[in-house]
Structure formats: C-alpha cells, structure tokens
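Q: Given these sequences and hints, build the entire structure.
Each protein sequence line maps, in turn, to chains A and B. Residues in the first sequence are numbered from 1 upward in steps of one, following this note's numbering. Residues in the second sequence are numbered from 1 upward in steps of one, following this note's numbering.
Careful: at least some of the hints might be erroneous.
Capping the alpha-carbon separation at 20 Å, the derived lysine to aspartate or glutamate pairs in EDC-like fashion look like this [said to hold, decoys possible]: (1) Lys62(A) - Glu31(A); (2) Lys156(A) - Glu8(A); (3) Lys116(A) - Asp127(A); (4) Lys5(A) - Asp69(A); (5) Lys197(B) - Glu130(A); (6) Lys197(B) - Glu77(A); (7) Lys197(B) - Asp135(A); (8) Lys104(A) - Glu154(A); (9) Lys229(A) - Asp281(A); (10) Lys96(B) - Asp177(B); (11) Lys175(B) - Asp135(A); (12) Lys86(A) - Asp177(B); (13) Lys128(B) - Asp226(B); (14) Lys156(A) - Asp66(A); (15) Lys246(B) - Glu62(B); (16) Lys72(A) - Glu60(A); (17) Lys5(A) - Glu154(A); (18) Lys96(B) - Asp17(A); (19) Lys86(A) - Asp196(A); (20) Lys86(A) - Glu178(B); (21) Lys96(B) - Glu56(A).
Note that these hints are calculated values from the structure, not bench results. Predicted, not measured: the structure shown is a model, and the values here were computed from it.
So you can see what is in the structure, the chains are spelled out below.
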Amino acid sequence: MIDNKLIELVNITKRYDGNIVIDDLNLYIRENEFLTLLGPSGCGKTTTLRIIGGFETPDEGKVIFDGKDITKLPPNERQLNTVFQKYALFTHMTIADNIAFGLKIKKKSKQYIKDKIKYALKLVNLDGYENRMPDSLSGGQQQRIAIARAIVNEPKVLLLDEPLGALDLKLRQDMQYELIRLKNELGITFVYVTHDQEEALTMSDTIMVMNQGYIQQIGTPEDIYNEPKNAFVADFIGESNIISATMVRDKLVNILGADFPCVDIGFGENKPVDVVIRPEDIDLVAPQNGTISGRVTSLIFKGVHYEMEVMANGFEWLVHSTDMSPVGSEVGIHVDPFDIQIMNKPESEDEKASANEL
Amino acid sequence: MALFVPVNFMKRKNTVLLATPYGLWITGFTIIPLLMVVYYGFTSRSTGVLTLDNIKLISTPENLKALWLSVQLSLLSTFLCLLIAYPLAMILRNMKAKSNSFMVMLFIMPMWMNSLLRIVAWQNILEKRGILNTFLSFLHLPALEIINTPAAIVFGMVYDFLPFMILPLYNTLVKIDENVINAAHDLGAGNFYTFIKIIFPLSIPGVVSGITMVFVPSLTTFVISDILGGSKVLLIGNVIEQQFQKLNNWNSGSGLSLVLMVFVLLSMTLVAKYDKGEGRTNVL
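A: Below you can see the structure in the form of structure tokens.
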C-alpha cells in the first residue's frame, strides 16, 4: 500500500441544533485504501462521509484533499463520487442516461461516453442494460448501476453510504465480493460506511470504529477484532466475553479469582482492567485441566459450531466450539495466553475522547 | 373446489352490494345528465328532430371570438399560476418539515372561503372607485382602469385557482428524494443543471395535474368573467350561461357545452400524452 495521504480531516467538529455529532475528529485516508467507518446508528459515521462528500460543512476543522483545503468546496467541484444508501438513481432516465450524466456535464465526446457506458456496465456485470429504466431493475442491479454511474467519472475516491443496507443477506454477501473486485480493478480509494461489522471485516484494509462522535479505534480488521482497544469495540465487533479483572503483574491477570497467564505488559500491578476473550478462543477441557471449571447451562447448534454457555466462578462464559459438551456436564475452561486481550477500564467520558488521539 | 364456490359467490355478491350506491350515483348524476345534454344538443328546440344546428352555433363570429378569448385567457392564467406556484412550491419543499405544512396551509386557506365571495371582494378592490384606486389617488398616482377588462378576469382566475396549482406541485416536489438531488450535485451538476435535468422532469406529474386543475375551470368559468368582466368581456362560459338563463334555450346551450367538452377532452389527452412520453424521450 502506498503511504500517500489523499484525504485528511483535521479537528472536524459538527453540531446539529447544539448537539455534538462529531467531536474534534482527526483522520487521514491513504491512496488506494479501503477504509470503513463502522459504528451504531447515530455515531457520526454518515455525517463524516457527508463532510468528505461536501453535503455537510463542518462547524470547525478542515478537509484536505490531495494537499488542498476543500472544506468550502461544493460537492459538484470535488473529485470524488458518492454511492447513496437507496441508490438515488434518476428514475426518469434510462440506465445509459444515468451513467452518462456526469460525463455529459464534463462535455465528453459521444463516442467516449458510449464506450464508457459499455465498459462500466461490463464492470458491474450488467451488459446490455443501456435502454432499461431503473424501475425495471432489482435492488441489487440498481445498486450496481449507482456504482457504475459513480465510477465512470474516474473519481480518486468513491464514497459509499451503506450501499448494501437495503439488500437481502445473500445478495449482500455477493456484492461484498463484487466491491472488493471492483476496488482492485479500479485501483481507487474507497470510503465505506456501514453498521454491519461482518461487512467491515470482510472488505476493509482499515476499519475506523466510531461511537458518539468519537473514533474508538482505527486499525486493520485483524487488529480491531483481536485487539480491541476498549469494551465498546470488543462488544461491537463480534461476540465476546467482557469480564472485569485485575492485572496482577506483567503477563498475569486474575479473572474471577483465578490467575490466567497472558502476554500483556505495562498495565502496572494489581490494576483493575477489562479482559476480552472471544468465544471461539475458549477451549473446553476436562475439569481438572482447566484454569477454572464450571457447568454447561445451554447448548445451541449453530451450523458451523456449537454455541454453549458455561457457568463458572459466577460468570456465564460464551463458548463457540465444533466439539459439543452436553448441558449439565462439568467442564474446565482453558484460554491460551495470547487469546486474552487486556484493556484499561474507561474512567470517564474523557477516556473516550483520548481514544480519538491515538 | 366445492367449498370455494359459495365463498366466492358471497364475495362477489358483497362487492356488487357495496358498489350499488356508487353505481346509482354515477348513473343519476353523471350518465343521465350527460345523455340529456347530448339529447338537447342534437335536437331542434322547435321541432324536436335531430339536427346539427346547435353545434354549428359555435361558428358564429361572436361565439368563436368568445371561445378563442376563453382559450387565450385560461392558457395565460394557467401559465401565470405555474410561474407563481413553482418557485413557491420549491421554497416550501426546502423548508424544514415542521414549518412547511403550516405554510402550505396558509397558501391554500383561501380555498376554504366561498369562491363567489372572494371574487366579489376583488370586484370591490378593482372597481373604478374601488379600494385600489382610492389608495392610488391617495398617493397621487393615476387610477387603474382594470375592472371589466380581460386583465381583471385573468387576475381573478389566477387568484382563485392558484391553490390548485400549488398543491399538486408541492406534493410531487416533496416526494423527490433529497439524495437524488445530492447525486446530481455529486456527479458535477450545478443548481441550474440539476433543476433542468432532474427536479423539473421528476415534477412533471405535478405540473400536469396542476395545469389540468387550473386550465379546465378557467376555460369553463362564467362567474369570474361575469363579475370582474362586467358584461363587456364575453367568455364561452358566459355565452352558454346566457343560452340557459336569459334565452332559456337549452338546446343551443347544450350544443355549445358539447363543443367545450370536446375542447377540454382534447387538451387533456394532449397533456396526458406529454406526461407519458416524458420518461423515454432522452435516449442517448
């Protein structure tokens, strides 16, 4: 990946009617990166995207694009294109006219436009749809036209605002692969907004997790999943056991009265912390071989794995395993040291803000 | 199968039963009156035999002039209504949701008052020694001789029928997804281009129903021209009214009405055709 900063957001703050939606946000997006803004609804991710697109002006801060300040530039003068949530196709125009819209404004030649339409339709696997009307297409097809309409303009950045939100599960998964393929073929930067953590993990080079207007964590999908910075990120990305614990010393944490070896250092001695253990990282062993032991209280078959709950030391442990332990059986719980993720406890609201600076 | 037949039968019976009042309504208040108009229009007043004389009455110079003037004035008032209502509907669309329904209400509130009352009020305002001219002479400005002219009639039409233009326009404009407009900007279109290529074409259904709602009553009105035009300006509506009220000639009145109905029908098909064609005209 090229380490060239294409877009920079500097100290962005946005308020609606006095409510802070984005608070002093700093972020850079590298050329050719697939960045996903991930978070629950109302976390400020869409507003961030709209600020990049030019549909909102920040109350404070700057938007830098390719070294130039574009904070005040209207959307039609920005070198980026947006794919909107519900496609936003021009229903009174044919597919060809929809795709040609931006090119006609740029006064491209007829032949150029014709070739571009053909190329774009091929790219989104809809050749021959030139003369259809948008209403006659399925949701997935309409979304692909919306993407085609944006990419023919050869933007440096494509902004996507929950583009798959209105599609059903199967189609959504297919489209995820399509988007990855498109990004690789076109070699442009994608900024993608979603509240679906699986979608974010599948497609992104970098994920930015947001909550209440603050960046909670920025990192690769692996980082975000395996080493969440705080309980919010851990909880939002996948299922997890989040337990209050005490860091005894470096590489040893006391969870619910039992000492677990871990790999983390530098938290201090006898310090209260939160630990995150992913359900698939817990091994159920014979009671005498586990660090602690307990009794299986529920068992559900999920297809890929079994989902079990184990009551041990006053905590209901969520466990995913391909091996089944029947309800009522005694089991031991074992966790490999590197599967235990230690996090500082959030002390106050300011703690959330500090996560912003990272 | 045997089970379904009675159920279906019952259902059909219920539907018929429910539709009966409307059937009676249409028969009594639309079909029979229409047939009567046709009957009177095609029969002679004195002998009662079939004739085209009542229809041919339209070709007299006075009647042709009245029809032509009616068409001109209603086209003009429809155009003026569109010109006034469109920007207004755009402004209302762009207002915050809380205040805009109240504003829409303010603009259509005149509809809640009696139409005749409003026109008579305008007569008082526009009269030679009316409120407007009293005010103008107070300012030492020359008086406006507007009453009893076609201008006064157009004024009355625009005032009276403007809400019928605003409502359908506003309704189609608010339904346009904000992101569709954003998408146009996103693809490089400025405000003017976005309006010409996106907003206006998408509002065509509202424009068409607005035109219909203003043009048809303007074409057939006789109250507005009667009160604001005195007896100086005759529209086709006034000619028909005279046939019924003053000359008591139902046959000629019906004949002229039929001609006017054909006119309305023709203009509506023309407008509807444009509406349907719009979506597919821009093929590259």
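Q: When you check the alpha-carbon spacing of Lys5(A) and Asp69(A), does it fall within 20 Å?
A: Given that 20 Å is the threshold and the Cα spacing comes to 13 Å, the pair holds.
Q: Could you grab the alpha-carbon distance between Lys62(A) and Glu31(A) and see if it respects the 20 Å cut-off?
A: holds, 19 Å
Q: Does the alpha-carbon distance linking Lys229(A) and Asp281(A) stay inside the 20 Å limit?
A: Since the Cα atoms of Lys229(A) and Asp281(A) sit roughly 18 Å apart, the hinted pair holds (cutoff 20 Å).
Q: Within a Cα-Cα threshold of 20 Å, do Lys96(B) and Asp177(B) meet the stated pairing?
A: holds, 15 Å
Q: For Lys156(A) and Asp66(A), compute the direct alpha-carbon distance and say whether it is at most 20 Å.
A: OK: Lys156(A) and Asp66(A) at ~10 Å, within 20 Å.
Q: For Lys96(B) and Glu56(A), compute the direct alpha-carbon distance and say whether it is at most 20 Å.
A: Satisfied, since the Cα-Cα distance of roughly 16 Å is no more than 20 Å.
Q: Mind checking the alpha carbons of Lys86(A) and Asp196(A) for me, to see if they're no more than 20 Å apart?
A: holds, 16 Å
Q: For the pair supplied as a hint, Lys104(A) and Glu154(A), confirm whether the alpha-carbon distance does not exceed 20 Å.
A: It holds: about 14 Å lies between the C-alpha atoms, which stays within 20 Å.
Q: Given the hint that Lys197(B) pairs with Asp135(A), does the C-alpha gap stay at or below 20 Å?
A: It holds: about 18 Å lies between the C-alpha atoms, which stays within 20 Å.
Q: Given the hinted pair Lys246(B) and Glu62(B), is their Cα-Cα distance within 20 Å?
A: holds, 17 Å
Q: Taking 20 Å as the top limit, are the C-alpha atoms of Lys175(B) and Asp135(A) close enough?
A: Between Lys175(B) and Asp135(A) the Cα gap is close to 16 Å, so the pair holds against 20 Å.
Q: Is Lys5(A) close enough to Glu154(A), meaning Cα to Cα at most 20 Å?
A: Holds: Lys5(A) and Glu154(A) sit about 19 Å apart, inside 20 Å.
Violated hints: none; the structure is consistent with every hint.
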